[in-house]
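Peer 1: Given next are the chains, with one letter for each unit.
Protein chains: 2
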Amino acid sequence: MTAKIRQDALDIFDAGLKAADPKLAVKKYVHRDGQKLLVNDKPYALEDYENLYVVGGGKAGASMASAVEELLGDRITEGLINVKYGHTEPLKKVKINEADHPLPDEAGLAGARQIIQLLEKTGERDLVICLISGGGSALLPLPADGISLNEKQDVTKKLLACGANINEMNAVRKHISKIKGGQLARAAAPATLITLMLSDVIGNYLDVIASGPTVPDSSTFRDAKEIIERYQIWNDILDTVKEHILKGVNGEIPETPKEGDEIFFKTQNVVIGSNIQALLAAEEKANSLGYHSLVLSSFIEGETKDVARVHAAIAKEILQTGNPVKPPACVISGGETTVTIRGDGKGGRNQEFVLAAALDIAGLHSVVILSGGTDGTDGPTDAAGAICDGRTVERASEQGLNARQHLSNNDAYPFFKKLDDLLMTGPTNTNVIDLRLVLVDQT
Amino acid sequence: MTAKIRQDALDIFDAGLKAADPKLAVKKYVHRDGQKLLVNDKPYALEDYENLYVVGGGKAGASMASAVEELLGDRITEGLINVKYGHTEPLKKVKINEADHPLPDEAGLAGARQIIQLLEKTGERDLVICLISGGGSALLPLPADGISLNEKQDVTKKLLACGANINEMNAVRKHISKIKGGQLARAAAPATLITLMLSDVIGNYLDVIASGPTVPDSSTFRDAKEIIERYQIWNDILDTVKEHILKGVNGEIPETPKEGDEIFFKTQNVVIGSNIQALLAAEEKANSLGYHSLVLSSFIEGETKDVARVHAAIAKEILQTGNPVKPPACVISGGETTVTIRGDGKGGRNQEFVLAAALDIAGLHSVVILSGGTDGTDGPTDAAGAICDGRTVERASEQGLNARQHLSNNDAYPFFKKLDDLLMTGPTNTNVIDLRLVLVDQT
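Just so you know, the protein sequences line up as chains A and B, in that order. Counting from 45, one number per residue, gives the positions in the first sequence under this note's numbering. Counting from 45, one number per residue, gives the positions in the second sequence under this note's numbering.
One chain only, chain A, in its complex shape (with noise of 0.2 Å):
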């Protein structure tokens, strides 16, 4: 019994992946029949533009591209996307840019900057293509002119470290790049540009996904500043950064392009992959195995085995009184928690999450839970996640491993790892954050 649930949760699991892979997403909003082009379902007349350029950033950048090059390759000019360091794979007209993330390199640099170069060259009856994936934003870094990337990186470094939260982060962030906040758009237009975006953000907000290189910004020169007087560092922060935002200030520099800006009269963004993406897509696989489904929410966050206790409370409701969904039940819920390190094991926040569940459903046979994260690899591990059932906990047992202590030293990996319940789909080079199933059988 266990075993079939265990198998539906995996295979409900890959239809989530799928729903994150690049080129099927890219392919299920692109659709090309001869001479026009349908991007989510709004036309374009490729008769009309003279070039077409690819440009862009993110670890699916090569996939995303190859998509791409399938349905347009004969109309593309060039192209030239940033990857991360070997999330490369074979191209025939874009150029692919290998360069480092999380920190930014030379290399990034240098990729950032011939592409902007290319957008700028562009005219009024050229057709740009950009597709921003997870890591865009570090793989895309251009600071304003005058300052380095060093000294880019020292703002933010310190506005960390102050505690800013990801608003305050991006309007700085944004206000010392020239590529951020809607820049890359400008750089596009007069072109006509289309973004096609796979997003690792937590509800989707495009000015936040790769800090919206191709969207109207809300943020000012003045909110940039006042961030960083609030956290009293204005003094500490190096003065080619003042400069520029002083500037800024004083309507010297222009400032982001806002919403209604003419910039964006010829733009398209779309969101073809997501975290909602993946769950809805989880939910259609689970209610075609028999699960009564139920998408919890894809904005989760919090402490992973806090997260988990919820999930599992869910998960014995179901089998007390059939609340909130009556078995078999398939509760799905997305978005991505936070593990507070109090150990020195090895992990991720998705076999956290599995562990700490293991523990309450100790002895619920019908019930299993898997986490996972859809881009295969969980914290600093080879796995993408594990699962678990109402024996897990004992079954560990008979091998001698404690779950409890585990849990308290952060190191579920060899934990699941002697019990051979790893998610292992290898790196899938893009990311939509995580899928976790709570599933529920009838007793």
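Among these hints, one or two may not hold up.
Which copy is meant is left open, so a pair is good if it fits within one copy or across any two.
Claimed, not checked - Calculated cross-link-like contacts (lysine-lysine; reagent style DSBU-like; alpha-carbon spacing at most 30 Å):
| hint | residue 1 | residue 2 |
| --- | --- | --- |
| 1 | K370 | K62 |
| 2 | K80 | K139 |
| 3 | K222 | K139 |
| 4 | K370 | K72 |
| 5 | K201 | K302 |
| 6 | K370 | K86 |
| 7 | K222 | K136 |
| 8 | K461 | K71 |
| 9 | K269 | K390 |
Just so you know, these hints were derived from the structure itself, not from any lab. Keep in mind it's a predicted model, so treat the numbers as computed, not measured.
Given chain A's structure and the hints, the job is docking chain B onto it.
Peer 2: This is chain B only, laid out in the frame that chain A set:
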């Protein structure tokens, strides 16, 4: 708009509270028609019984007894119930004995001894009604012969310090008690025994509620010894306790009554109020107000602020995609979270939950979140809990209150007091744990 959702939340919470009301709960499950008594639809012919005794323990004991007197006052021979100091009300036939809680005292011991003495004189043609509610374990303290109250507490304190879990604690406790683990039922036999329980236990496991005085015990003297040895404190516990457990292991004194024991042939145990019943009552009210409702789980445990984040994440998903339920939506959860104290402020788990949630839903104007303890006293405060909406953090800020600082100082009470957002029900003298509500209206 928000004002209406807030009022709805308060009304839904009230409906949940009503399900925990001791008098209403008794009357929901116990009906009388002349000489016919119906307990959860099971009939008893009152003319078959010579005497009717009412016994029990717990904070709601006086209220429950008052409802029983209304129904059966003319038939009650005598009765005695242990309640917490101050939790009393005027009764006609049943004596109320006030005692200490959560630490048992001599008054509780004296009352428990009288209850057992009363039950031991009952005969085959007598009917005993036992009323159990929150605090029933500490309010019915009766150590086994030869063990003093202090000696009994010594073991439990030492086990707690070692990190023993609730099942381990109960196995030991039941084997050094004269009342827990079905032993009250043994004292009542051969009389007919009806036990009405208001459950403050997650999952409503009958053998856990007040340590199951009227329920078969699945643990043994041998288990109790092994648990004490497992934590390597056998040599640390007092001789009287060791001797008692060894006598039990050697069969010199009887085991606690087990499943199938004839003692239980004439017993009925009914949970007349519990967390899930309160959640379902809240759901019914929410449905009647036009909400799409979802009972998430009555088993929720974990660190309060992280559990709060999961609830806020569900609100965000409802707003963005209408999952797991379409707005207007009401998500309902129960159980009991914990707070790891890091500050020196004033608050309780329900108030902390709402404060943490307020931070996550800041700016979402059609979301209201409420959390309250059904006992009316959240932590060491005079409030049951609190209520927040998408404007709470902003309103607080306008009054000079920093939500994040109050949260990190575990200082939710003054925060919500100043905003006039505390739930003030007054002590309810009953407890079916906590009730949380997430309401999301269409934007």
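Peer 1: For each hint, tell me whether it holds in the structure or not.
Peer 2: Hint check results:
1. In this assembly of identical chains, K370 and K62 lie within 30 Å of each other by CA distance both inside one copy and across copies; the values are 27 Å within and 26 Å between.
2. For a Cα distance limit of 30 Å, the shortest separation of K80 from K139 inside one copy, 25 Å, qualifies, whereas the shortest one across copies, 88 Å, does not.
3. For a Cα distance limit of 30 Å, the shortest separation of K222 from K139 inside one copy, 21 Å, qualifies, whereas the shortest one across copies, 81 Å, does not.
4. With identical chains, the CA atoms of K370 and K72 are at most 30 Å apart between copies only, with a shortest distance of 26 Å across copies and 32 Å within one.
5. Taking the shortest alpha-carbon separations for K201 and K302, only the intra-copy value of 27 Å comes in at or below 30 Å, while the best inter-copy value is 64 Å.
6. With identical chains, the CA atoms of K370 and K86 are at most 30 Å apart between copies only, with a shortest distance of 28 Å across copies and 40 Å within one.
7. Within a single copy, K222 and K136 get their C-alpha atoms as close as 29 Å, which meets the 30 Å cut-off; across copies the closest is 84 Å, which misses it.
8. In this homomeric assembly, K461 and K71 never come within 30 Å of each other (Cα to Cα): the closest approach is 36 Å inside a single copy and 55 Å across copies.
9. Neither within a single protomer nor between protomers do K269 and K390 lie at most 30 Å apart by alpha-carbon distance, with minima of 40 Å and 36 Å respectively.
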